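Student: Quick mapping for you: the protein sequence lines, in order, are chains A and B. To convert, note that position 30 of the first sequence is 30 in the working numbering; the numbers rise steadily by one, no gaps. To convert, note that position 26 of the second sequence is 26 in the working numbering; the numbers rise steadily by one, no gaps.
Since the hints were made in silico from the structure, they are not lab data. On a predicted model such as this, the values are computed, not experimentally measured, just so you know. Built from N, CA and C at the ideal position, the CB exists for glycine as well. A portion of the hints provided could be inaccurate.
[Stated by the list, open to error] Restricting the straight-line Cα-Cα distance to at most 27 Å, the calculated cross-link-like pairs of lysine-lysine (DSSO-like) are:
| hint | chain 1 | residue 1 | chain 2 | residue 2 |
| --- | --- | --- | --- | --- |
| 1 | A | Lys62 | A | Lys221 |
| 2 | A | Lys7 | B | Lys75 |
| 3 | A | Lys226 | B | Lys69 |
| 4 | A | Lys7 | A | Lys226 |
| 5 | A | Lys120 | A | Lys62 |
| 6 | A | Lys227 | B | Lys69 |
| 7 | B | Lys44 | A | Lys227 |
| 8 | A | Lys221 | B | Lys44 |
| 9 | A | Lys120 | A | Lys7 |
| 10 | B | Lys69 | A | Lys7 |
| 11 | A | Lys7 | A | Lys221 |
| 12 | B | Lys44 | A | Lys226 |
| 13 | A | Lys120 | B | Lys69 |
| 14 | A | Lys120 | A | Lys221 |
[To be verified] Quick list of simulated restraints, FRET-style, between CB atoms:
| hint | chain 1 | residue 1 | chain 2 | residue 2 | range |
| --- | --- | --- | --- | --- | --- |
| 15 | B | Thr54 | A | Glu34 | 26 to 34 Å |
| 16 | B | Gly43 | A | Ala102 | 19 to 27 Å |
| 17 | B | Ala61 | A | Ile169 | 25 to 33 Å |
| 18 | B | Glu76 | A | Arg117 | 31 to 39 Å |
| 19 | B | Ala61 | A | Leu223 | 20 to 28 Å |
| 20 | B | Val51 | A | Ile126 | 30 to 38 Å |
| 21 | B | Glu76 | A | Leu176 | 52 to 60 Å |
| 22 | A | Asp145 | B | Lys44 | 56 to 64 Å |
| 23 | B | Thr54 | A | Gly33 | 39 to 47 Å |
| 24 | A | Arg171 | B | Leu59 | 27 to 35 Å |
| 25 | B | Thr54 | A | Ala102 | 27 to 35 Å |
| 26 | B | Gly43 | A | Thr100 | 13 to 21 Å |
[Claimed, not checked] Covered stretches of chain B (in silico footprint by chain A; criterion: 3 or more residues with CB under 8 Å from a CB of chain A, positions within the stretch not fixed):
| hint | stretch |
| --- | --- |
| 27 | 43-55 |
| 28 | 65-72 |
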Amino acid sequence: MQFHWWKIAAIALLTYAVVGGLLLPVPELSQLGETIRNLYYHVCMWFSMMILFTVSIVHSVKYLRTGDLNHDIKAESFAGVGTYMGLLGYATGAIWASYTWADPNNPAYASFGSIMREPKLIGAAIALLVYGAYFILRSSVTDMDQRARVSAVYNIFAYAMLFPSIWIIPRLLPSLHPGQEGNPALNFNDIDSRMRMVFYPAVLGWTLLGTWIATLLVRYKQLNEKKWNAHEK
Amino acid sequence: MKKNGTHMKNKLLSILTTLFAASVQAQETASNETMASTMRSNGKIYVVVAVVLTILFGLIAYVIRLDRKVSRLEKES
Numbered sequence: 001m002q003f004h005w006w007k008i009a010a011i012a013l014l015t016y017a018v019v020g021g022l023l024l025p026v027p028e029l030s031q032l033g034e035t036i037r038n039l040y041y042h043v044c045m046w047f048s049m050m051i052l053f054t055v056s057i058v059h060s061v062k063y064l065r066t067g068d069l070n071h072d073i074k075a076e077s078f079a080g081v082g083t084y085m086g087l088l089g090y091a092t093g094a095i096w097a098s099y100t101w102a103d104p105n106n107p108a109y110a111s112f113g114s115i116m117r118e119p120k121l122i123g124a125a126i127a128l129l130v131y132g133a134y135f136i137l138r139s140s141v142t143d144m145d146q147r148a149r150v151s152a153v154y155n156i157f158a159y160a161m162l163f164p165s166i167w168i169i170p171r172l173l174p175s176l177h178p179g180q181e182g183n184p185a186l187n188f189n190d191i192d193s194r195m196r197m198v199f200y201p202a203v204l205g206w207t208l209l210g211t212w213i214a215t216l217l218v219r220y221k222q223l224n225e226k227k228w229n230a231h232e233k
Numbered sequence: 001m002k003k004n005g006t007h008m009k010n011k012l013l014s015i016l017t018t019l020f021a022a023s024v025q026a027q028e029t030a031s032n033e034t035m036a037s038t039m040r041s042n043g044k045i046y047v048v049v050a051v052v053l054t055i056l057f058g059l060i061a062y063v064i065r066l067d068r069k070v071s072r073l074e075k076e077s
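When you get a sec, could you build the whole thing from the sequences and use the hints?
Tutor: This is the structure:
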């Protein structure tokens with residue numbers, strides 16, 4: 001096994017994100033309470049999704065420039081893990097929202113209705129569905145080179161769709177979700193310095209773990225490819 | 001000779017008392033041992049830390065195992 005430094009860094013950073021994230025002091029806010037610590041986990045899922053999608057589009061562009069199928073494999077793997085991270089972000093966000101946004105005095109469906117109208121949630125759902133279509137597109141083209149070319153072009157569109165759906169439109173509409181006036185987790189004047197100490201290492205740690213899994217996928221697919229090529233000869 | 005014997009006895013006694021004192025001290029530290037009190041302090045948040053770390057390390061171990069398997073396959077092919 002190749003034990004690269006960044007794999008060890010991923011383990012160390014995630015351990016720190018869990019221990020520091022649960023134990024270090026955080027600002028005391030009403031309604032949020034201790035759930036503010038979810039910043040180290042829920043928000044990191046979306047950050048790592050965005051970074052993995054960026055790696056994916058870079059490989060798609062590289063494929064279109066070189067025609068090397070290895071880039072296609074990498075683009076697909078990173079998009080896959082990125083989508084998975086996004087799904088985890090959605091699931092954790094649902095849990096978080098049900099304890100901070102939902103009004104315990106109202107029947108559950110009343111809160112559910114207003115939560116489902118959240119522009120951030122709809123935007124994130126659109127973004128994930130656009131990436132879902134990427135995988136459907138891939139599996140529906142049988143010719144390898146054609147699949148790689150068509151899906152690389154589509155991947156660029158999918159990445160471009162991320163910006164209106166998760167960055168721009170949610171900012172234009174009223175929402176319960178934080179992040180209305182900019183990037184709350186990135187703004188140095190906004191995020192508490194105590195939380196920054198854990199948040200940035202956590203983003204890095206989760207992204208590295210995603211990268212690790214994506215590289216495993218890449219290697220598995222390359223082996224598969226090699227096997228099929230040997231078969232045909 | 002006899003003088004030597006009492007000397008030995010005294011020495012033994014002093015060792016015994018020292019051991020006893022040490023064991024009492026050990027029991028005292030055991031009752032408020034840092035680990036035990038840590039795990040039960042502060043609304044037992046450390047238990048949550050332990051659980052999450054177990055899951056995290058379990059998942060990382062799984063990823064490492066997969067990595068090893070893929071590496072072995074790469075060597076074979």
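Student: The structure should be examined with respect to each hint, and the outcome stated for every one.
Tutor: Cross-check of the supplied hints:
1. For the hint pairing lysine 62 of chain A with lysine 221 of chain A, the CA-to-CA distance comes to about 18 Å; that is within 27 Å, so the pair holds.
2. Restraint check for lysine 7 of chain A and lysine 75 of chain B: satisfied, since their Cα atoms lie roughly 20 Å apart, inside the 27 Å limit.
3. Between the alpha carbons of lysine 226 of chain A and lysine 69 of chain B the distance comes to roughly 16 Å, so the proposed pair stays at or under 27 Å and holds.
4. Annotation: proposed proximity of lysine 7 of chain A to lysine 226 of chain A holds, straight-line Cα distance about 26 Å (limit 27 Å).
5. The straight-line distance between the Cα atoms of lysine 120 of chain A and lysine 62 of chain A is roughly 31 Å, outside the 27 Å bound, and the hint therefore fails.
6. Distance hint between lysine 227 of chain A and lysine 69 of chain B is fulfilled; the C-alpha atoms sit about 16 Å from each other, no more than 27 Å.
7. Note on lysine 44 of chain B and lysine 227 of chain A: the hinted pairing is violated, with a Cα-Cα distance of about 52 Å set against a maximum of 27 Å.
8. For the hint linking lysine 221 of chain A to lysine 44 of chain B, the alpha-carbon distance of about 44 Å lies beyond 27 Å, and the restraint is violated.
9. Between the alpha carbons of lysine 120 of chain A and lysine 7 of chain A the distance comes to roughly 32 Å, so the proposed pair goes past 27 Å and is violated.
10. Distance check on the hinted pair: lysine 69 of chain B and lysine 7 of chain A sit about 16 Å apart at the alpha-carbon level, within 27 Å; holds.
11. Between lysine 7 of chain A and lysine 221 of chain A the CA atoms are separated by roughly 20 Å; this keeps the pair inside 27 Å, and the hint holds.
12. For a cut-off of 27 Å, the pair hint linking lysine 44 of chain B to lysine 226 of chain A is broken: about 52 Å separates their Cα positions.
13. At roughly 40 Å between alpha-carbon atoms, lysine 120 of chain A and lysine 69 of chain B are farther apart than 27 Å, so this suggested pair is violated.
14. This hinted pair does not check out: lysine 120 of chain A and lysine 221 of chain A have alpha carbons roughly 34 Å apart, beyond 27 Å.
15. At roughly 20 Å, the beta carbons of threonine 54 of chain B and glutamate 34 of chain A sit outside the given window of 26 to 34 Å.
16. Taken as a hint, the range 19 to 27 Å holds for the pair glycine 43 of chain B and alanine 102 of chain A, whose Cβ atoms sit roughly 23 Å apart.
17. Checked against the given bound of 25 to 33 Å, the beta carbons of alanine 61 of chain B and isoleucine 169 of chain A, roughly 41 Å apart, lie outside it.
18. The hint said 31 to 39 Å for the Cβ distance between glutamate 76 of chain B and arginine 117 of chain A, and at roughly 54 Å that hint is violated.
19. Look at alanine 61 of chain B against leucine 223 of chain A: about 22 Å separates their beta carbons, and that is inside 20 to 28 Å.
20. Between valine 51 of chain B and isoleucine 126 of chain A the CB atoms are about 35 Å apart, so this pair conforms to the stated range of 30 to 38 Å.
21. About 54 Å separates the C-beta atoms of glutamate 76 of chain B and leucine 176 of chain A, a value consistent with the hinted range of 52 to 60 Å.
22. Distance hint for aspartate 145 of chain A and lysine 44 of chain B: a CB-CB separation of about 58 Å, consistent with the stated range 56 to 64 Å.
23. For the hinted restraint 39 to 47 Å between threonine 54 of chain B and glycine 33 of chain A, the CB-CB distance of approximately 25 Å leaves it violated.
24. Between arginine 171 of chain A and leucine 59 of chain B the beta carbon distance is about 34 Å. The supplied range of 27 to 35 Å therefore holds.
25. Look at threonine 54 of chain B against alanine 102 of chain A: about 30 Å separates their beta carbons, and that is inside 27 to 35 Å.
26. At roughly 19 Å, the beta carbons of glycine 43 of chain B and threonine 100 of chain A sit within the given window of 13 to 21 Å.
27. Chain A is given as covering the stretch 43-55 of chain B, and this holds because 6 residues of the stretch bring a CB closer than 8 Å to a CB of that chain, at least three being needed.
28. Counting residues of the stretch 65-72 of chain B whose CB lies closer than 8 Å to any CB of chain A gives 5, so the stated coverage by that chain holds, three being the minimum.
The structure fails hints 5, 7, 8, 9, 12, 13, 14, 15, 17, 18, 23 (numbered hints given earlier, in ascending order).
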